[in-house]
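Spelled out, the chains give:
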Amino acid sequence: MLAFSIRRLLQAILVMLVVALISFTLFRFVGDPVNQMVGVETTPEQREALRERLGLNDPIMTQFGRFIVKAAQFDFGTSYQFRQPVSDLIGKRLPATLELSLVSAIFALLVGIPMGVYTGLHRDSVLSKLFLSISLIGISLPTFFIGILLIFLFSVTLQWLPSFGRGDTVAIGWWTTGLLTVSGLKALVLPSITLGLFQMTLIMRLVRSEMLEVIRTDYIKFARARGLRQRSINFRHALKNTLVPVITITGLQVGSIIAFAIITETVFQWPGMGLLFLQSVQNVDIPIMAAYLMLIAFLFVVINLIVDLLYFVVDPRLRADRAAL
Amino acid sequence: MTQTPLLSVRDLRVEFPTRRGILKAIDGISFDLKEGEVLGVVGESGAGKSITGTAVIGLLEPPGRIAGGEVLLKGERIDNLSQQAMRKIRGKRIGMIFQDPLTSLNPLFTIGEQIIETILTHLPVSEREARDRAVALLEEVGIPAAADRLNAYPHQFSGGMRQRVVIALALCAEPELVIADEPTTALDVSVQAQIIRLLQRVCRDHGTAVMLITHDMGVIAETADRVAVMYSGRIAEIGPVRNVIKAPRHPYTVGLMGAIPSLTGDHDRLTQIPGSMPRLDSIPAGCAFNPRCSLVMDKCYRDRPDLVQAGESRAACWKVSETEEAAGR
Amino acid sequence: MTANTAKDAATDAAADAAAGVPPAAPRGRIARVLDSDILYSFLRSKVTILSAIVTLVFFAGAAFAPWIAPHNPFDLATISILDARLPPLGMEYSDPRFILGTDDQGRDVFSGILYGARISLAVGFLSVFFAAIVGVMLGLIAGYVGGKVDAVIMRIAEVQLTFPAILIALLVDGVARALFGNLDRERFAFWILVFSIALSFWVQFARTVRGSTLVERNKEYVQAARLIGIPRFLIMIRHVLPNVIGPVLVIATINLGLAIITEATLSFLGVGIPPTQPSLGTLVRIGNDFLFSGEWWIAMFPGFALAVLVLAVNLLGDWLRDALNPKLR
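Protein chains in written order, with our numbering: chain F, 1 to 325; chain A, 1 to 329; chain B, 1 to 329.
Same shape as in the complex, but just chain F (with noise of 0.2 angstroms):
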């Protein structure tokens, strides 16, 4: 297990180290970052002095040893077109998408497990047949025009929920949460349910064909065969075969939350880091663009070392296997 861990922690480092790789080579070489920061009417004179001050006429390698560093500090430097601290804007906004990550994250799996289950189970039934047709509705509809819907039906006719923003927010220390008050829950529903209803749709197939698979095993024949409880098999003996590889794909599902917070945050002007990077990309922002990279990288990172420890809780053949290596 220790061996398997810092094998682990290794490939996570490479992936920053590429990553951080391609942040720099954005930052440093796609727009010279002294345009960026100086008016027309500098002298050369001052750009080499601004050159030099910057360090951009060190050797290349100084540059990247010292942006890394720079990185591990979370100083990314200064927004070009606001002129303030990148990890300052980004620390701003990141209580909002991370909120609603989590929030959607929840919704996708408290909704797809058990449709999962349902649809594995009753594979003929109606309600089967409604749920995977809705399924199916739900990954070929684009994020955004879910969201659309939802805003035309629930704010626009309905009048129910609001249709932007975050609502009134509790700051508790640096973090300002939108969960502890009434209209900032009220605001999180259509885009939480906008963000997770893709990842709901993947959880339940997914569950579902697991399912599928697990209950023609001899195991759940054996389970059968000794007359346990229906609802035992299902749900003790079946369930806990699917969660493997539906923790998997929740790992490698959370880039593309982020990613999909992009867009939802659009439609819904969400206050988030989706937001800001959209706009940096617009406007051609690049220290936010090269410290948002970085920032989904080390998420991704963190998440799938969690992914792995949570294959040791679920399957005690892992421990055993792994411990060997």
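Calculated directly from the structure, the hints in this document are not laboratory data. Since this is a predicted model, take the numbers as computed values, not measurements. Among the hints, a few may not be true.
With a Cα cut of at most 30 angstroms, we get these calculated DSS-like pairs of lysine-lysine [stated by the list, open to error]:
no.	chain 1	residue 1	chain 2	residue 2
1	A	Lys299	F	Lys221
2	A	Lys299	A	Lys319
3	F	Lys70	F	Lys92
4	A	Lys74	A	Lys88
5	A	Lys34	A	Lys74
6	F	Lys221	A	Lys92
7	A	Lys88	A	Lys24
8	F	Lys240	F	Lys221
9	F	Lys240	F	Lys129
10	F	Lys240	A	Lys88
11	A	Lys319	F	Lys221
12	A	Lys74	A	Lys24
13	B	Lys219	B	Lys148
14	A	Lys319	A	Lys24
15	B	Lys46	F	Lys129
16	F	Lys221	A	Lys88
17	A	Lys246	A	Lys319
18	F	Lys240	A	Lys92
19	A	Lys24	F	Lys221
20	A	Lys34	A	Lys88
21	F	Lys186	F	Lys92
22	F	Lys129	F	Lys221
23	A	Lys74	A	Lys92
24	A	Lys34	A	Lys246
Please build the complex by placing chains A and B on the supplied structure of chain F, with the hints as guidance.
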């Protein structure tokens, strides 16, 4: 035959509807099983042995279905019971053991969890008693340090040990009948004999009847009281094990016996039955064995033979019928 | 896959022969296709037929848009601001010339959808095409050459999998803006979009092809080709490629739907196709601003057109995957 048999199968038929028509996997078989008796069921793969077993315990996989006949347990019909009622019979009155011990145990639960859950499902005992019972059972099937091994996961056992656990699981609620579907096929040859002997001993000690499904005549000869030979979804011959082995009546059984190597055998060459068993969608009219039979007659292409008494055995063959009639029975 | 099917057919035929079934009269090619599983599963599923029809209608509508569309949304001479924001037929103030209404500049929504589908499908096809070419080549090389080349290609693929398609496309767009400036970017927007989607889709092709190449590489026909001295490149192209191409078709179909969604999403976010040559996604983006003022049709009709198109393509992809190889997920 005044005593009610433990298990009685009457004219059982199992069908699988497919898009090319209905396949008759089991086509009218009947047999009885007395309490504590060991009945061997032999035949090639596809003859319907396993399907007979799963039909008896009510675990046919859809779209497979019982299309006719009856299954009686101590005189009560069980083939038409509700799912819920049948579940209470499974494990409690009829146990089943599957082919592959490596895949029969749930990999994510400890041995103890699996045995204790099964005991608690069927018997009115406390968790404490169930645990003691589980330990006793594991000791009985020859698992050393049983109390400690209760917390072990299946992957920590060898194949032979796992099959011992499977036997303990099948017997943990004291069923009257155990259906063992090729219980040793997946095991090492060196372990096979041990497991068969264990199964035999434990079932004798508990007075459990066994329906032993196998394609290994050697195992049958050693273990069974009676044997049923299946061919193409029907019983070709059924009778006391030594009669069927020593004096097989059906040409198919004769062929099967010819294919068994024997240390003391008087023939030095193994014979082989030409051809192979027909697929379910192309069973010939008349006797299903007719394309491969060396004694085939006109009648065999027209009419399907039923089981007739021949000595202590019964066989489904026109030749046997003829011989028996000639003998004036 | 083709080889497999042929082999299955051969086994079936052998089994039929063994079972004594008279071989059917020689059947023509058409009869064989009619009897094949692919056609069967196609016809059995009404949904599949329907989605095939829908897909064809979209393809035809997009291809012949200049001839079918009642208006040309790009021809400023035919657009009148007086026609702006007309509702679709059946509503008050609607105009029979514009069956689905008009947008804020008086452009016909229905014609916009036809022209928009043209661009959406073009981006979809081209990006999947390039992704397939790059992916298949890299997959072949990785699988066939192996060693360090393989390791490097697959590591790149893994790191790239960390980043979802949308994110990669956004980055590429940001870089393009920085390199070309905003105005030039609009001119190249179409190709930048194709490039960025292709860039994020090649991985799946590469992984699948690499997997099957690893299997094919060790087969005898490849070894034979190597022995007689055929150059490595030729072996890859002429011998290995045709045997690994089956799954590529399936992935391409499934990815077509994904590519169309990705294009629409990017255009919706304002980093894809500019409003001067709107794709379906751009149309929804334009219409989104009018949702609250009551002109819902400007966003909804293009959105539904997009959804129906993607749904139909996805259904076809699902069917193709199941029909060609049920194991491919």
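How the hints compare with the structure:
no. : hint                  : result
1   : Lys299(A) / Lys221(F) : violated (43 angstroms)
2   : Lys299(A) / Lys319(A) : holds (10 angstroms)
3   : Lys70(F) / Lys92(F)   : holds (19 angstroms)
4   : Lys74(A) / Lys88(A)   : holds (15 angstroms)
5   : Lys34(A) / Lys74(A)   : holds (9 angstroms)
6   : Lys221(F) / Lys92(A)  : holds (16 angstroms)
7   : Lys88(A) / Lys24(A)   : holds (29 angstroms)
8   : Lys240(F) / Lys221(F) : holds (16 angstroms)
9   : Lys240(F) / Lys129(F) : holds (24 angstroms)
10  : Lys240(F) / Lys88(A)  : holds (24 angstroms)
11  : Lys319(A) / Lys221(F) : violated (41 angstroms)
12  : Lys74(A) / Lys24(A)   : holds (27 angstroms)
13  : Lys219(B) / Lys148(B) : holds (22 angstroms)
14  : Lys319(A) / Lys24(A)  : holds (25 angstroms)
15  : Lys46(B) / Lys129(F)  : holds (15 angstroms)
16  : Lys221(F) / Lys88(A)  : holds (15 angstroms)
17  : Lys246(A) / Lys319(A) : holds (18 angstroms)
18  : Lys240(F) / Lys92(A)  : holds (25 angstroms)
19  : Lys24(A) / Lys221(F)  : holds (23 angstroms)
20  : Lys34(A) / Lys88(A)   : holds (21 angstroms)
21  : Lys186(F) / Lys92(F)  : holds (21 angstroms)
22  : Lys129(F) / Lys221(F) : holds (25 angstroms)
23  : Lys74(A) / Lys92(A)   : holds (14 angstroms)
24  : Lys34(A) / Lys246(A)  : holds (23 angstroms)
In summary, the numbered hints that this structure violates are 1, 11.
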